[in-house]
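Enquirer: Here the structure of chain H is known, so what remains is to put chain Y in place on it, guided by the hints.
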Amino acid sequence: MRAESAWARARRSLLGLAFGLALGAVLLELLGVPAGEAYAAILRAGFTGGWWALSDTLTKATPLMLCGLGCALAFRAGLWNVGAEGQLFLGAWAATGVATAWLPAGTPGALLLPLMALAGFAAGALWGALPGLMRARLGVSEILTTLMLTYVAVHWNDLFIYAVWSDRGFQMTPLFPAAAWLPRLSDLAAEHPSLAGLTLHAGFLVALAAAAALWLLMQRTRLGFELRVAGVSERVARAAGMPLGRNIVLSLALSGGLAGLAGMCEVSGVVHRLQQGFSPGYGYAAILVAWLARLHPAAVVLVSVLLAGLLSGAKQVQPGGIAMMLEGVILTSVVAADFLGRASSWRRAGRPDPGEGAP
Amino acid sequence: MTGLDLATGLLGAAVARGAPLVFTALGEMLAERAGVLNLGLEGVLLASAMAGVAGAQATGSALAGLALAVLVGALFGLLHAWLTVWLRSDQVVTGLALAFLGIGLSSVGGAPLVGELAPSFGPLALPGLVELPVVGRALFAQPWPVYLACLLLPLAHLGLSRTRWGLSVNALGESPAAAAAMGVPVRGARTACVVAGSALAGLGGGTLSLAVTPGWVDGLSAGQGWIAIGLVIVGGWRPWGIALGALVFGALSRLGLDLQGSGIPLFQDPNTGYVLSMLPYLAAILVLVAAGALGRGRSRRAPSALGRPWWPGDTHAG
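Protein sequences, first through last, are from chains H and Y. Residues in the first sequence are numbered consecutively from 1, following this note's numbering. Residues in the second sequence are numbered consecutively from 360, following this note's numbering.
Source of the hints: derived by calculation from the structure; they are not laboratory data. The reader is advised that the hints may include incorrect statements.
Said to hold, decoys possible - Only part of the chain Y face toward chain H is listed, based on derived beta-carbon distances under 8 angstroms: (1) 452; (2) 453; (3) 455; (4) 456; (5) 459; (6) 585; (7) 636; (8) 640; (9) 643; (10) 647.
Said to hold, decoys possible - If you anchor each label on the Cβ, the simulated ranges turn out as follows: (11) 244/H / 420/Y: 54 to 60 angstroms; (12) 418/Y / 166/H: 43 to 49 angstroms; (13) 30/H / 670/Y: 33 to 39 angstroms; (14) 9/H / 514/Y: 43 to 49 angstroms.
A quick note: this is a predicted structure, and the numbers were derived from the prediction, not measured. Where a beta carbon is used, it is the ideal one built from N, C-alpha and C, also for glycine.
This is chain Y alone, in the form it adopts within the complex:
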């Protein structure tokens, strides 16, 4: 394997593995911009990934599986929104409870699916583009949900920064009282954002189990739900920052495998593999630290009302 092949393979894997992270982190970003922290995404990812495989196997259609994954994500979002927005439960402990719920549900429900074959999305080569040197095969021969993730990024950016709708979402997270004064139904709109965000994470779970690493194994997402939440912080609550982070972590999560297959003697040593598998997590921590050290400026801070419930009549700014 040449260095160029390695780079092409790594870039392709980074884009593919970054896609579920992009969906999930964009979902979390949407909920957080509206003022609701959703820590349950690891559970949502796993439950929807499992549901995706189950649905695809039952119906024989990967698309039906993906739809089921999105539905499961939305249901988790509905539960989280009911508890946090309408009952004003603590967002941290509620999210953690849902994470447990999803992890456990996927483990019990997925037990019969382990090692089973299910329909999945194959690569879809984009004519012409795939012929490009180096990047062609890496970027333009991906399963279609990966393209969807790339497409969603500019849409999310424009939607949040250029539309009335985006303005309302930001108001929900910065000052729900102001949003209410603007005529936005705060609790209903927050519910919509949490449900949509969680459905996006469901799309991420379905992409993971039906396109990126097809099939179900227990604990398939390996902490990507937590990483996605970190990406939102690292990315400064902005789509492009999140995309960059997702790409880097997609690459890191594959780097170990590629280096071991590269024939470089150092990486043939299995001990190196264990160290390499710590890399994505250590990198996530380092980036959070760097963001903490550099991000004292105002531009990349969290939404002011993040984590705080709101009720009609509340006048406090957050």
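So here's chain H without its partners, still in its complex pose:
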């Protein structure tokens, strides 16, 4: 199956995407939402509405890209990290701690921002490494532990949002000092008035750099090679004497770290405080991103921008669950299209080829 051209696979994904959008329209109509209007509104608010729309979409693409890269890394290594949402929450929590609670007031931005990024990455990495340890040592399914830890992380954040760091009893932490804000396009509005109001922040560049770094890691380093081998066959990796357990922990930690970095970028670049519901499920959508991108870092960049447009557009449409539903329909259709295509090529070949490893 590896021999199949990348183009044939991409074509099937696009077919699945188109079918998913069509099916989504039917479901929306059935549920009483006018689909044509909803899609037009999504397109306008997500992409074609002007520079602000594009800036908004790229802002939303940032966490999707970082979490999607994290998922792609883990999936490539044969590990199902489906808890990027929790890792993102914990990363946001740690970055908030650095920004508002743990350092003396007046710490300059040149020191504060790197420390926040480091804390966010470390917290996410811890939340990924724990399931990694449980999987490597005891064979506990990382699918379940990463998910359970997501719920723990959400409640952990609630504790700090509602109680420990609450701003005068409101359901949010105090606003970060300006030194803890990632620079935004609108900061340059004094020299370039056309940039006024554009919210795109430097986190987008961090995400692009992370994509490049991941590509280098997977394609150009020994560790990347070992992870890819383990992803194809644990048995081969073990037979070749690769440190399987260490690699499981490491890949889940890196995967979680990227999601944690996404959390830092969200609080530092967008909301400037920790509050409830700051993520509309970026960590879950990242699974879709990684899968649609076929775990390739460059494709993750592209897919996360497309999906961010859908998300940011769908936010303008009521009721609120539309984005999640469309994600589900699209992912299901892409999976179906993918395997339908494979089944038909098996039929032509006369015999299925067994043991195509996932993903």
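Expert: For chain Y alone, kept in the frame of chain H given last:
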């Protein structure tokens, strides 16, 4: 409130809250024993819970709502079986896709139902038994779907261990090639198990929204679909293990509320509440770890062919 009242209330709540978990986990167990992993149960629970409330409201009958919930569960199962059994798609990613689908569908479809009143199942006191001290009110004044969950447990146990049918299901999960040699139509039988299992999860969703915590709110199941999948592992793919786990998690998911209402000063502090609400999930992880540490023996391992598609002509054991 006395300690005894607290215990009675907690036991009653544990049984009631355990019931949807029992249905859902038994459904997952059935699919997994037949060799198919269904990770979409959180979506099935939510979609069927929402459909249950919608159906009950539209028809004025809680029973009709429950039937609709089961139907929705079965439809999800059919979709999962078509993709995984017949198209041999990856079971993990397909299940996750269906989870998204169900979560999103319930959120969109349920938006008009939030805060609406719908018919639900009230407690049904069993004459005589309800008079028993302490446990009477806790165990024997439950809505009837809760009794159904208790009844299903021995049936599932006997069905799987003592009948020809149970033998076939086990063969599907352990060695589909052997099952085929026995004359079991592997793909059809796996489809039946996945559909029935998902319909059971639909029953769980309906029980949740029509009997245990009546009414619809977005995200009603709060991760119980995932917990149910964990329970199957913790329970060693056996009905009684699952029942014990469901009872413990039912109690834990209620413990926070009860302790806060108990008047003990420590638990009046709202901060404690946030920590307590992490408990069911932390406990689930701890139990999985313990099961992993202790369960190296052969008796509680997963079905050998779990996650692997099968096609006529395949001779490999799994």
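Enquirer: If a hint holds in the structure, say so; if it does not, say that too.
Expert: For each hint, the structure was consulted:
With a least beta-carbon distance of about 6 angstroms to chain H, the hint placing residue 452/Y at the interface is held under the 8 angstroms criterion. A distance limit of 8 angstroms between C-beta atoms decides the matter here; for residue 453/Y the minimum to chain H is near 5 angstroms, and the interface restraint holds. Among the interface hints, the one on residue 455/Y holds; its C-beta lies about 6 angstroms from the nearest C-beta in chain H, closer than the 8 angstroms criterion. Evaluation of the residue 456/Y hint against chain H yields a held restraint, the C-beta minimum of about 4 angstroms falling below 8 angstroms.
Because the beta carbon of residue 459/Y sits about 3 angstroms from the nearest beta carbon in chain H, less than 8 angstroms, this interface hint is met. Given the 8 angstroms rule on beta carbons, the hint for residue 585/Y holds: about 5 angstroms separates it from the nearest Cβ of chain H. This hint holds: residue 636/Y has a C-beta 5 angstroms from the nearest C-beta of chain H, less than the 8 angstroms allowed. Among the interface hints, the one on residue 640/Y holds; its C-beta lies about 4 angstroms from the nearest C-beta in chain H, closer than the 8 angstroms criterion.
The closest approach between the C-beta of residue 643/Y and any C-beta of chain H is roughly 5 angstroms, which is under the 8 angstroms cut-off, so the hint is satisfied. Restraint check, residue 647/Y versus chain H: the minimum CB separation of about 5 angstroms is within 8 angstroms; hint holds. A beta carbon spacing of about 56 angstroms between residue 244/H and residue 420/Y agrees with the range 54 to 60 angstroms that was offered as a hint. Our hint of 43 to 49 angstroms for residue 418/Y and residue 166/H holds, since their Cβ atoms are close to 45 angstroms apart.
Distance hint check: the CB atoms of residue 30/H and residue 670/Y are about 35 angstroms apart, consistent with the given range 33 to 39 angstroms. Checked against the hint of 43 to 49 angstroms, the C-beta distance between residue 9/H and residue 514/Y comes to roughly 46 angstroms, which is consistent with it.
Hint check: no violations occur; every hint is consistent with the structure.
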